Amino acid sequence: MEAVAYTDINAPLVERCRLGDRRAQAEIYKRYSKAMFNASLRITGDYAEAEDVLQESFLSAFRELHSYKGDSSFGSWLKRIVINKSINCLRNRRLQLVPLAEQHDGVASSDETFGGPDAEEISWRADVLRRCVQELPDGYRVVLSLYLLEGYDHAEIADILNITESTSKSQYSRARKKLLELARQHGL
1 MEAVAYTDIN APLVERCRLG DRRAQAEIYK RYSKAMFNAS LRITGDYAEA EDVLQESFLS
61 AFRELHSYKG DSSFGSWLKR IVINKSINCL RNRRLQLVPL AEQHDGVASS DETFGGPDAE
121 EISWRADVLR RCVQELPDGY RVVLSLYLLE GYDHAEIADI LNITESTSKS QYSRARKKLL
181 ELARQHGL
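For the sequence shown, counting from 1, position 111 maps to 111 in our numbering; every step adds exactly one.
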């Protein structure tokens, strides 16, 4: 089996952006804005802040495009900017992780499986779950989002948030328990 070299399909577009091509910048924005907004919203938990982070991230990305080396996809590079700016937004709100001593007793740790819901039921459950995630304390929501939804491991999360890896794992575990508790309260 031969190795296949990675080629970013957006490389020509990114190169045009480096040259200051506004149409190329608009196309990059069009391709990535929805996904980057959703990533920011999952972390900040606030629609208006996520919009601000999105705009700041794209402005920063276009200003700092010279630092993009192409060793990862443009989308990965941009997502890292969005996540960092989202976390900074939370820090500006005085992000405080829930103390380790805080307990949420009475929450079962097993995942429930649902039998054969229709599309409308799935949509309703997804909406309820999305609202439950937004109700989590900032620390829980950030760690849960970075680990479960963005795919970072606990070592990377610890580095991003300047916490220990064990704190990241603990926050994730507690976030899952709290999310189950909230989901049950909302009828899931």
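Worth flagging that the hints you see were computed from the coordinates, not collected in a lab.
Treat the hints with care, as some may be off.
The calculated lysine-lysine pairs, modelled on BS3-like cross-linking and capped at a C-alpha distance of 27 Å, are [unchecked claim]:
id : residue 1 : residue 2
1  : K69       : K79
2  : K79       : K34
3  : K30       : K85
4  : K85       : K69
5  : K69       : K169
Only a predicted model underlies this, so the values are computations on that prediction, with no experimental measurement involved.
Here is how each hint holds up against the structure:
For the given pair, K69 sits about 15 Å from K79 by alpha-carbon distance, which is consistent with the 27 Å threshold. Under the criterion of a C-alpha separation no larger than 27 Å, the hint pairing K79 with K34 is consistent with the structure, at around 12 Å. Proposed proximity of K30 and K85 is supported: the alpha carbons are some 20 Å apart, at most 27 Å. Straight-line distance between C-alpha atoms of K85 and K69 comes to about 20 Å, which keeps the hinted pair within the 27 Å bound.
For the proposed pair K69 and K169, the alpha carbon gap of about 32 Å is over 27 Å, so the pair is violated.
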